[in-house]
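We have chain A already, so just place chain C on it with the hints.
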Amino acid sequence: MTAISQTLKSRKRRRMSAIARQDRVGLFYVAPFFVHFVLFGAIPIVFTTALAFFNADFQTYYEFITNHQLSVLTNAFAGLDNFRELFKDSYFWLALRNTFSIWLISTVPQLIIAFGLASLLANARLRASTFWRTALMIPNITSVLAVAIVFQQLFGRDFGIFNVLLHYVGHKPIEWVAGTIPSHFAIATMINWRWLGYNSLIFLAAILAIPKELYESAALDGASRWQTVRYVTIPQMKNTITFMLVMGTIGGLGLFVEPLTYGGGFDGGANSQFLTMTLYLYKQAFMNQRLGYGAAIGVGITLVVMIISAINFMITRSIAGEESK
Amino acid sequence: MKLGIRIRTGLAVAVATGLAVAGAGVGAQAASNVTLTVWSYGNVFEPKIVDMYRKAHPDVTIKITKMNLDDEHNKLLYALPSRAVPDVAAVEMAYMGQFRQPMIAAQFTNLNTLGANKIASDYLPFRWAQGTGLNGAQIGLPTDVGGLAVAYRTDLFKKAGFPTKREEVTALWPTWEKFITVGKQFQNKVPGVGFMDSTGTLFAAVLNQGTEKYYDAKSRAAIYRTNPTVKRAFDIAAKAGCTFMRNNKCAGSIGTKINQFSPDWGAAMNKGAFAAVLAPAWMLDYIKQQAPGTKGKWDIAAVPGGGGNMGGSMLTIPKKAKNAKAAWDFISWYLAPAQQLKTFQLYGLFPTTYKMYSQPSIKNYKDPFFNNAPVGAIYSSSAMKLKPIYAGAKDRLIDSTFGQALARITQGTQTKSCGSFPAQTSGAAWCQALQDIQHNVGQ
Numbered sequence: 009m010t011a012i013s014q015t016l017k018s019r020k021r022r023r024m025s026a027i028a029r030q031d032r033v034g035l036f037y038v039a040p041f042f043v044h045f046v047l048f049g050a051i052p053i054v055f056t057t058a059l060a061f062f063n064a065d066f067q068t069y070y071e072f073i074t075n076h077q078l079s080v081l082t083n084a085f086a087g088l089d090n091f092r093e094l095f096k097d098s099y100f101w102l103a104l105r106n107t108f109s110i111w112l113i114s115t116v117p118q119l120i121i122a123f124g125l126a127s128l129l130a131n132a133r134l135r136a137s138t139f140w141r142t143a144l145m146i147p148n149i150t151s152v153l154a155v156a157i158v159f160q161q162l163f164g165r166d167f168g169i170f171n172v173l174l175h176y177v178g179h180k181p182i183e184w185v186a187g188t189i190p191s192h193f194a195i196a197t198m199i200n201w202r203w204l205g206y207n208s209l210i211f212l213a214a215i216l217a218i219p220k221e222l223y224e225s226a227a228l229d230g231a232s233r234w235q236t237v238r239y240v241t242i243p244q245m246k247n248t249i250t251f252m253l254v255m256g257t258i259g260g261l262g263l264f265v266e267p268l269t270y271g272g273g274f275d276g277g278a279n280s281q282f283l284t285m286t287l288y289l290y291k292q293a294f295m296n297q298r299l300g301y302g303a304a305i306g307v308g309i310t311l312v313v314m315i316i317s318a319i320n321f322m323i324t325r326s327i328a329g330e331e332s333k
Numbered sequence: 027m028k029l030g031i032r033i034r035t036g037l038a039v040a041v042a043t044g045l046a047v048a049g050a051g052v053g054a055q056a057a058s059n060v061t062l063t064v065w066s067y068g069n070v071f072e073p074k075i076v077d078m079y080r081k082a083h084p085d086v087t088i089k090i091t092k093m094n095l096d097d098e099h100n101k102l103l104y105a106l107p108s109r110a111v112p113d114v115a116a117v118e119m120a121y122m123g124q125f126r127q128p129m130i131a132a133q134f135t136n137l138n139t140l141g142a143n144k145i146a147s148d149y150l151p152f153r154w155a156q157g158t159g160l161n162g163a164q165i166g167l168p169t170d171v172g173g174l175a176v177a178y179r180t181d182l183f184k185k186a187g188f189p190t191k192r193e194e195v196t197a198l199w200p201t202w203e204k205f206i207t208v209g210k211q212f213q214n215k216v217p218g219v220g221f222m223d224s225t226g227t228l229f230a231a232v233l234n235q236g237t238e239k240y241y242d243a244k245s246r247a248a249i250y251r252t253n254p255t256v257k258r259a260f261d262i263a264a265k266a267g268c269t270f271m272r273n274n275k276c277a278g279s280i281g282t283k284i285n286q287f288s289p290d291w292g293a294a295m296n297k298g299a300f301a302a303v304l305a306p307a308w309m310l311d312y313i314k315q316q317a318p319g320t321k322g323k324w325d326i327a328a329v330p331g332g333g334g335n336m337g338g339s340m341l342t343i344p345k346k347a348k349n350a351k352a353a354w355d356f357i358s359w360y361l362a363p364a365q366q367l368k369t370f371q372l373y374g375l376f377p378t379t380y381k382m383y384s385q386p387s388i389k390n391y392k393d394p395f396f397n398n399a400p401v402g403a404i405y406s407s408s409a410m411k412l413k414p415i416y417a418g419a420k421d422r423l424i425d426s427t428f429g430q431a432l433a434r435i436t437q438g439t440q441t442k443s444c445g446s447f448p449a450q451t452s453g454a455a456w457c458q459a460l461q462d463i464q465h466n467v468g469q
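Sequences listed follow chains A and C, in order.
Just so you know, we're using the working numbering here: the first sequence kicks off at 9 and counts up by one.
Just so you know, we're using the working numbering here: the second sequence kicks off at 27 and counts up by one.
Among the hints, a few may not be true.
To give a feel for the contact side, a few chain A residues facing chain C, derived at Cβ under 7 Å [claimed, not checked]: (1) Gln160; (2) Gln161; (3) Gly164; (4) Asp166; (5) Asp275; (6) Ala278; (7) Phe294; (8) Asn296.
Sample of chain C residues with no beta-carbon within 10 Å of chain A, all distances over it, derived [what the hints assert, rightly or not]: (9) Thr63; (10) His83; (11) Asp85; (12) Asn138; (13) Lys144; (14) Asn161; (15) Ala177; (16) Glu203; (17) Thr207; (18) Val216; (19) Lys244; (20) Lys257; (21) Met271; (22) Asn273; (23) Ala317.
In case anyone wonders, no lab produced these hints; they're calculated from the structure.
Keep in mind it's a predicted model, so treat the numbers as computed, not measured.
We put the CB at the ideal spot given by N, CA and C, even for glycine.
Same shape as in the complex, but just chain A:
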């Protein structure tokens, strides 16, 4: 009895330890990601959130680094002051509006055009399709700085090509930098140019993954071209569209490099007409040395992204609900 149970047990233990060993090997494989995540993801998130409760500037930092005294930190503790100030800060709300505006006029047309391009590329009769697919990625790998210089030239008020063309048709020059909507449009164009190809390729992958049978049966049912797109292609791409909306939201609300390089400074234009949320974070945290307040802006941005993501999630769920009916 006991002998049998003991052999059973030891066998079980051996099997367990084999699994445990495998697990440990597995842990080793995933470790780099977690180390990276803890160092560059988790710690900064926790640190930033904590920093938002302090009235910290470079002096706090210098005193803490050179004297190692905790009293520096307790003296700088500010409770909810930074958040109270943020809530009343008209520049933060302006930056929020600007960010949304640029995000809207970059994401919506971008997704529509990308979908159209992907449909073209999916066409089996297209020649040199690999060339076109590769060519679409070129904007994405071009340096943002180079893109900014070119677009500054194109959108120049006095000698930019767009205003020169407008001049020929008798239109007065558009204030591409000084105007609010024109500057948003110009920055959105930079973003669109850069990300259109990338999004098209993701759409293309999703289109190619749709089973051919679905199209065949749609054709048998006498569906028109538009009906096929509406009832076959789009529902089949639901996950891809959700993914791109989420990525677009995160990227769009974290918009930084384009407005920085387009305006050539951290102010987002003379009237702060294209000051975005992250640009404002940079301005407060590093140009104004208010690290605590900058951190509070960071927390504010996170909250905004979370709210938008929740809305995204609800919309996607309601689409899924419709389908199951």
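Relative to the frame of chain A, chain C by itself:
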């Protein structure tokens, strides 16, 4: 928000260097090879001059990392207390006020301990004083001095019926007020061409003729609100940006709407879309590069009020630099009179070693691009007229906020009313600038 990481890297680097130092103790004597790390921006280090040093010192490797102006200074500020510092860091004048603060200045090597006090008398006193920390240490060695003059297009001045000889042109504008009147006359006579490129540049020009800017030199308190020089500089630049009025609102300036250093600026210069530029010495090189086809059409006159200065940098050595001695050898060589003269001849940056202003190589230097204007004499007299100006902690941010206000005037985007001033007036722009600075600086 990146603080956590920085402290950690700081520690890691500290540990690593500690180990390296401990390990290298034995063999350190044998290796005389030094690698100098340098943080810079713009054209502080001119390649041909640095190469001369490289050739003369094959055992020294110089690694220059060029960054965006604001990024470099922000990175330096937080690196200074750690060991992740370069051997040499360039600091721009707009940031010098921040780095001079006692706590930060203490993180730099006092250059006097390396022999700076012995060469101090070579340099323009006001530029040297700008490199002294508020803790009394000499933390920076001054690079070029901007000086200030007006580069103008003789062909366009002729078109307006103005005199074209530089002495006569200088006599046109003994004061800034006169300068604006001349601009107005020009604009009326030559429609479609701006009298100057960007009227916002007048602000810094007038401001730098004073002795105090935004902070009180003694108490270090913020005085941007009450300092009459700031208001005067703003009013002059605003007047130039809002010269023509319609219904009590701004309806035109004596400049173009083009920002300096934008792509439009270069194009406008080539096409002769403006007649005058406020030009520190380094600006002349920009003009030559941007508009080579305009050679011989330019000349140079003095600025109203006599002297002026714009730009300039300091070379510093952080306290925790690994090769402070070698760094000093390099920067004191780079900014010695002989090399500054060479930099002037090759790149147009005007020397801070003022004793050679009387030498023929500077005194008699004429530039054919600018109609053989005696560039050397003009800029030395401009630089000699300046007094030290007190630089404060948040100069860069305040400069930029006033710049925004002046741009709103010329662009016609002062859409908010402010205080008792209606929208689209320069009063509202000033009022909003004060509110914005208060909002950021809190003083």
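Verification of the supplied hints:
no.: 1; hint: Gln160; result: 5 Å, holds
no.: 2; hint: Gln161; result: 4 Å, holds
no.: 3; hint: Gly164; result: 4 Å, holds
no.: 4; hint: Asp166; result: 5 Å, holds
no.: 5; hint: Asp275; result: 6 Å, holds
no.: 6; hint: Ala278; result: 4 Å, holds
no.: 7; hint: Phe294; result: 4 Å, holds
no.: 8; hint: Asn296; result: 5 Å, holds
no.: 9; hint: Thr63; result: 21 Å, holds
no.: 10; hint: His83; result: 33 Å, holds
no.: 11; hint: Asp85; result: 34 Å, holds
no.: 12; hint: Asn138; result: 22 Å, holds
no.: 13; hint: Lys144; result: 30 Å, holds
no.: 14; hint: Asn161; result: 13 Å, holds
no.: 15; hint: Ala177; result: 20 Å, holds
no.: 16; hint: Glu203; result: 25 Å, holds
no.: 17; hint: Thr207; result: 25 Å, holds
no.: 18; hint: Val216; result: 16 Å, holds
no.: 19; hint: Lys244; result: 21 Å, holds
no.: 20; hint: Lys257; result: 20 Å, holds
no.: 21; hint: Met271; result: 20 Å, holds
no.: 22; hint: Asn273; result: 20 Å, holds
no.: 23; hint: Ala317; result: 13 Å, holds
This entry satisfies every hint, going by the numbered hints stated previously.
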